[in-house]
Amino acid sequence: MSRLPLSGVRVTDFSWIGAGAYMTKLLADLGADVIKIESSAKLDALRVSPPFKDRVKGVNRSGYFSDRNTSKRSMTVNVKNEQGLSLVKRLVAISDIVANNFAPGIMDKLGLGYEQLKAINPRIIHIGMSMHGAAGPEADSIGYGLTIGAVSGLQFLCGLPGREPVGSGTNYPDHVPNPCHGAFAVLAALRHQRRTGIGQNIDMAQTEPMIALLAPAMIDCAVNTRDAPQAGNRAPGRAPRGVFRCAGEDHWIAISIGDDAQWRSLCEEVGLAGREQWASAAGRLADQDAIEEALAPLVARRDTFELMEALQARGVPAGVMQTAADVMERDPQLAHRSHWRKLPHPEMGDAVHNAQPFKFSRVSVGPLSAAPCLGQHTEEICRSLLGLSTEEIAGLVQAGVLT
Amino acid sequence: MNRAAAPRALSGLRVLDLSGAPGQYCGKLFADLGADVILIEPPGGSPVRREAPFIADREDPEAGIPFAYLNTNKRSLCLDLERGKDRRVFKSLAARADLVIETQRPGVMAKLGLGWEALADRRPSLVYTSITPFGQTGPCAHWEADDLVLLALGGLLSLGGYAGGEPVAVYGQQAYAAGSLFAAVASMAAVLGAEAGGRGDFIDVSIQEAVVMALENAAQFYDLEKVVRGRTGGRQSVAGSGQFPCKDGFVYTLGRGISSPQFWVSTVRWLNEEGVEGAAELQEPRWLERDFIASEVAKARFAELFVRFSMLHTKEELYRAAKARRIPLAPVCAPSDVLASPQLRYREFFVPVWNDFAKRAITMPGAPYRLQETPWRIDRPAPGVDQHRSEILEELAAPSRPEP
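Protein chains in written order, with this note's numbering: chain A, 1 to 403; chain B, 1 to 404.
Just so you know, the hints here were simulated from the structure itself, not pulled from any lab data. Check each hint, because a few of them may be wrong.
Once the Cα atoms are required to be at most 25 Å apart in a straight line, the calculated DSS-like pairs of lysine-lysine come out as [to be verified]:
hint, chain 1, residue 1, chain 2, residue 2
1, A, K342, A, K118
2, A, K118, A, K89
3, A, K57, A, K42
4, A, K42, A, K89
5, A, K80, A, K42
6, A, K57, B, K111
7, A, K80, A, K118
8, B, K85, A, K57
9, A, K109, B, K91
10, B, K111, B, K85
11, B, K91, B, K111
12, A, K342, B, K111
13, B, K299, A, K42
14, A, K109, A, K42
15, A, K109, A, K89
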């Protein structure tokens, strides 16, 4: 196989749980050698988070963890031990990138802050992905995806008018905004490093990429001095635009009309005799309540997948609200793209993992392997990268350094 | 360091951005770190210029807020790719470009003779990224979709909204954002690969698949435990973690943390020390059992106790008190709260950017990351329609442009 785009890039990875681990997964799936530094004394919390294979808890049995850590290697080492720390520093010396999503100050306390890393390797790129950034009055606050959603405005902005906010229903910032922004920043810094030989420190506050993705509401508030009301599923310029209940238990379809032709096709398909003023976009935008009310009973008697096919055949933007079961077992497009990858894993068998949402023509990017078992590559890394002998490794294991 | 003189991480990189709404954030990420990004607009300008909200609610393409944000640092050139002359201009630009980003339907660019293969003939190092709703091929590749339809088909819509009620889309065209973001990471990696090895690549991004990446652990829950996650809208995920009303709005607390009981122990101590009536029962061992804390009974009881306390306090008071106890509780902030945040002010996160329509600088979200040596920076506001035509054509006429 051809070289992957990030072949030859090495990452010493202290990141864990959500956003950090998902960021370095992107690098690993694109070909970087990502060495996950772990400790059996203080486990990555996702290792012990459900769901588990056969509902049996174990450090190598979490599907959540495995999906977030594909293509990486795992090394267990006690960095609070002097020998352990010196091994990690030797890895830093031969790495391009050091990543973490700890609270500010933790890496410095371990002896692995940016200035210390730079003294070992001036080409090193360090990224710290703390909740609020490295400094400032709230820098010492702790947070997770959901609380980042709350302080960034995401939670507030999602919901139906007049109802309590609902957010995305997930730790959204952990899954898309932060991993992708972090990976992009690191790769841009890598370009600078390759051109100039100079590394650098990257400080990414996990609130900020999320706020960037809410820019229209933020700018609207700043220039028009208002907090825009929650809009539910409606959007300016498209009407009707909503999610309608179909026949059966909790079956729904999203329909979004962008022009008059799509509107006429929708009316024909569901048998709606629309009012005259609904023929134009302006007329529809002005009368959305009545349109939604007229559509609801006509859609409610239809099967959701059958209606989607019929509307798409007429060129109407419509999509079933698919559940996790639907996207995994029913969706022909995701199947065509081989989105779900069964990767062999010693304790989990053939567990299902996400492929990346991009395909390259010349090379086949990852996931290349399931997540590593805890400490799976400790010996291999010590031998091949750090040049330790079997006896030395055994001694370090005995001394509790490599655990 | 003098910021204005600092080197740019992506200087010398030439990007042609033909995108509409699904891809303009991708181009912005490159432009704001110093790449030369030319936004190729259709005659009359990008449709994104007509997207709301507008400055002072003036429905004028010059006043559109999303366009002004998504296109900072880019230059504008209008080309009608249906015309041979304009196609030749585009090909000449592509012959010296590092990256093309486009969001046309599958096959459209190839039919115009502007697909990756045609362009890579003249420029083997070219990376060409196509962002489409469903990818280039497959049974649904030609389906119609907007952001909402993609959130539905990507599964995220099934997790958002009120329990038992209507699913509610995540705000802010997040399907398009996800498509742009994954495209940016893949493109950047491919550009690095091309700079190291000389050969570019074609990257096929599916926005639907990018949305699937946001399903958290829902797919794995189905795979391993055959449990289909649904909408919890405002309700607790497990007893102790969720959104609760307070005196002036809502707070979101993760009293359960991720896996260790530490936040729960702290929460129980907090409520007891505050003398909340009935809080003593939270010390019973069943409040640590996975099945019990997932039950409706447990959630209802916790909410009853917590709300007794939270309704007496503001979100700010609750945040301060929880922070002192190291409990991850956050105020549910409106945009006005975010704009007033002392932390973001300290970091000078929001930046002023000149706006021709407003005839003043307007406030925008700034650097999403701080690269110490090669800072993020806005050098110019989003361009006017076709604003840079003459300088771009002049550069093309010159034999070759020196690396900045």
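Hint-by-hint comparison with the structure:
| no. | hint | in the structure |
| --- | --- | --- |
| 1 | A:K342 to A:K118 | violated, 40 Å |
| 2 | A:K118 to A:K89 | holds, 11 Å |
| 3 | A:K57 to A:K42 | holds, 16 Å |
| 4 | A:K42 to A:K89 | holds, 20 Å |
| 5 | A:K80 to A:K42 | holds, 11 Å |
| 6 | A:K57 to B:K111 | violated, 54 Å |
| 7 | A:K80 to A:K118 | holds, 20 Å |
| 8 | B:K85 to A:K57 | violated, 65 Å |
| 9 | A:K109 to B:K91 | violated, 54 Å |
| 10 | B:K111 to B:K85 | holds, 16 Å |
| 11 | B:K91 to B:K111 | holds, 14 Å |
| 12 | A:K342 to B:K111 | violated, 36 Å |
| 13 | B:K299 to A:K42 | violated, 29 Å |
| 14 | A:K109 to A:K42 | holds, 16 Å |
| 15 | A:K109 to A:K89 | holds, 14 Å |
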